[in-house]
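Novice: The chain contents come next:
Number of protein chains: 2
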Amino acid sequence: MSICVPKGFLMAGVHCRIKRSPRCEDLSLVMSETPAVAAGVYTQNVVRAAPVALDRSRTPSDRIRAVAICSGVANACTGERGMRDAEEMASLAAAVCGAEPDQALVLSTGVIGVHLPMEKIMQGISAAAVKLGRSETSLIAAARGMLTTDTVHKLAGRTVTIVDREIQITGMAKGAAMMGPNMATMLGLIMTDAALTPETARNALVAATEESFNCMSVDGHVSTNDTVLLLANGTAGGKPLKYDDLATFQSALNEVCVELAKAIAGDGEGATHLITIQIRGCSDRSSALLIAKTVANSPLVKTALHGADPNWGRIVSAAGYAGVPFDPGGISLRVNGFPLYEKGSPVEFDGAAVSASIRDNRDTSIELDFSEGTAGCRFWTADLTAEYVRLNADYHT
Amino acid sequence: MSICVPKGFLMAGVHCRIKRSPRCEDLSLVMSETPAVAAGVYTQNVVRAAPVALDRSRTPSDRIRAVAICSGVANACTGERGMRDAEEMASLAAAVCGAEPDQALVLSTGVIGVHLPMEKIMQGISAAAVKLGRSETSLIAAARGMLTTDTVHKLAGRTVTIVDREIQITGMAKGAAMMGPNMATMLGLIMTDAALTPETARNALVAATEESFNCMSVDGHVSTNDTVLLLANGTAGGKPLKYDDLATFQSALNEVCVELAKAIAGDGEGATHLITIQIRGCSDRSSALLIAKTVANSPLVKTALHGADPNWGRIVSAAGYAGVPFDPGGISLRVNGFPLYEKGSPVEFDGAAVSASIRDNRDTSIELDFSEGTAGCRFWTADLTAEYVRLNADYHT
Chain Z
3 MSICVPKGFL MAGVHCRIKR SPRCEDLSLV MSETPAVAAG VYTQNVVRAA PVALDRSRTP
63 SDRIRAVAIC SGVANACTGE RGMRDAEEMA SLAAAVCGAE PDQALVLSTG VIGVHLPMEK
123 IMQGISAAAV KLGRSETSLI AAARGMLTTD TVHKLAGRTV TIVDREIQIT GMAKGAAMMG
183 PNMATMLGLI MTDAALTPET ARNALVAATE ESFNCMSVDG HVSTNDTVLL LANGTAGGKP
243 LKYDDLATFQ SALNEVCVEL AKAIAGDGEG ATHLITIQIR GCSDRSSALL IAKTVANSPL
303 VKTALHGADP NWGRIVSAAG YAGVPFDPGG ISLRVNGFPL YEKGSPVEFD GAAVSASIRD
363 NRDTSIELDF SEGTAGCRFW TADLTAEYVR LNADYHT
Chain G
3 MSICVPKGFL MAGVHCRIKR SPRCEDLSLV MSETPAVAAG VYTQNVVRAA PVALDRSRTP
63 SDRIRAVAIC SGVANACTGE RGMRDAEEMA SLAAAVCGAE PDQALVLSTG VIGVHLPMEK
123 IMQGISAAAV KLGRSETSLI AAARGMLTTD TVHKLAGRTV TIVDREIQIT GMAKGAAMMG
183 PNMATMLGLI MTDAALTPET ARNALVAATE ESFNCMSVDG HVSTNDTVLL LANGTAGGKP
243 LKYDDLATFQ SALNEVCVEL AKAIAGDGEG ATHLITIQIR GCSDRSSALL IAKTVANSPL
303 VKTALHGADP NWGRIVSAAG YAGVPFDPGG ISLRVNGFPL YEKGSPVEFD GAAVSASIRD
363 NRDTSIELDF SEGTAGCRFW TADLTAEYVR LNADYHT
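These protein sequence lines map, in sequence, to chains Z and G.
Last residue of the first sequence: 399 in my numbering, with the numbers rising by one and none dropped.
Last residue of the second sequence: 399 in my numbering, with the numbers rising by one and none dropped.
To be clear, the hints were calculated from the coordinates, so they are not data collected in a lab.
A few of these clues could be false.
As the list claims (entries may be wrong) - Here are some chain Z residues pointing at chain G (derived, C-beta under 8 Å):
1) Ala55
2) Gly81
3) Val154
4) Pro327
5) Pro330
6) Gly332
7) Pro348
8) Phe351
9) Asp352
10) Leu386
11) Asn394
Note that the structure is predicted; figures quoted are calculated from it, not measured.
For glycine and all other residues, C-beta sits at the position ideal for the given N, C-alpha and C.
Work the whole structure out from these sequences, hints included.
Specialist: Pasting the structure below:
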């Protein structure tokens, strides 16, 4: 694992007083020294925040120079003012990076129903421009600048050698809860110095997202701001990757995205467990995903695991209402490797041992096997705790 | 509102030591003096408990004489033994009512993964047979015998006059959480002395369920045991209801079912609010239902209301990820009658007043209007509280 700033990128994270605590960065600026190919994947919510609308209109692209990120206010507005603010934030970021106004993208997360504090953001972008760097400190500050109720910053990186060229892929992300009053949204920014065409960048990002960020859920609430961006500036040199080289890149990109997705699930609001759900034996991947998502979003499954209870009934019955037909006599279930249910019937197991294995480990594994086919998927989620309720009910007090 | 035992029915609820507390009835017996028409609606879960399998095989019917209900153990077993136990429980109930073994139906709710304690159930059925009665006390005891973590028993009734005949419809139900280790399932039993054919009974029950129990959710987890039965013994006299008479009956039946559904939602585990979601202006009812269900099951909406926060962003964004396309510029939202969002934009509102109206009332109203058509629905749910998490995580301690 290698986390560093890819060649040709500079970044900074600063505090510009959107968040209250001066120790919390709330504005990040990422600059590419040369025009970068950029691709994005965006929320599937019908209601889209202004930053999503702006970035969607500018990607895929082959000339992005800057990304500005603010946390603390989501600009989750669909009206004219939200759009104007997003454009102005992008223009400012482009200006300090010496680029044209439309060569920048923006990400925002935080309180909804409040307009962006544009004066603070202007000051923040100017302050960040002065601090742009490529050190680990700069990278961490930039990763911190996108956080809301996350308890840790989330970075992942891979170095791969393709045709004698060292290529770096580094991603940052934030999660916590999907949407909230003082917190919001899954955001991700992946940077690479690999050379990609806009089309391959988009395809690679979609493929990586499909098996990482789209296989992850904290509370099932889809934000209006969800965005993952991939910037590829080609500074590593060479022609745009193709064929086997592209496959090598894709594989590393997938690893980076999976690592970030797991970090988000494991750091869900109030979470005490990172739950990995492995589905096998389905007739197709979309059926497997639907089952995984239904199990992951069942409050009864999430609370049982929080209570360290190997409650096979809740897990099996959640699978049963996913809307996917299957033979109930063909289900088998393991929790943390212990078989609890085999071919449609509960089996004898040492409840205390399974319970202890859940209680004593932050990682919990659920394996569900069906007898319908050979398709499957992996999915990550968090448990549901009283702390989650407190964070999301009592935030005004 | 008139709650009494319909003519020709007798019932009892007793404690037979399935539940620990001797003050908690855990076995109910309902008897019809004459063979009754019976219809059922059952869980849509792929995994079905034995009582569901048995009742499905025996309904619709025109000769049911008894229903036995036990709470404390769900018999959520799909294997041979579960089926044998369900059949034996039905046979015993039929025997004490002087009927053939296959003239009885069964309902079970409670712990899953445990077989029915058949000896206790035998004793319970015998004890209940001796106590069969038609008083309010008998009715309440029978309603109590189906409860699990419900905090109150749930009864609703209507008296209607059809062609000079007084017809009584009385229903009992239980809810709490959809599924659990010490608790499970939505169960309902509606009794009437009206004359119905098996076909009209089934159609009437399906129609009533569609706009009551199927428009209600506590945690979105669909149990393997969910069942609602309708028994119509015709003791009120006359020929099976048709046309306008049937419509009058249907309307009263709907009211009974809606009242029970609301009672279940409002008594969800840990609930402090009964949330009524009214959707209007959709292109069709199934779209409206999908939006209502998505809003109802969003943990962020449920926690916000628990915290008395009129968080329009969570509600509007939940509608946005229901999978129903709509014009975001056409959404309007009212909470407790206060307009928060009009035609796609937030409006100024007195946050303290709206918050107080949520905090000070157990009933909360969410009205969402769209500009897609004229279809709509009503849906009921509960808020999500730390107490729900405690009940569902810490039940072993």
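Novice: For this structure, which hints from the list above don't hold up?
Specialist: The structure breaks hints 1, 3, 6, 8, 9; every other hint is satisfied.
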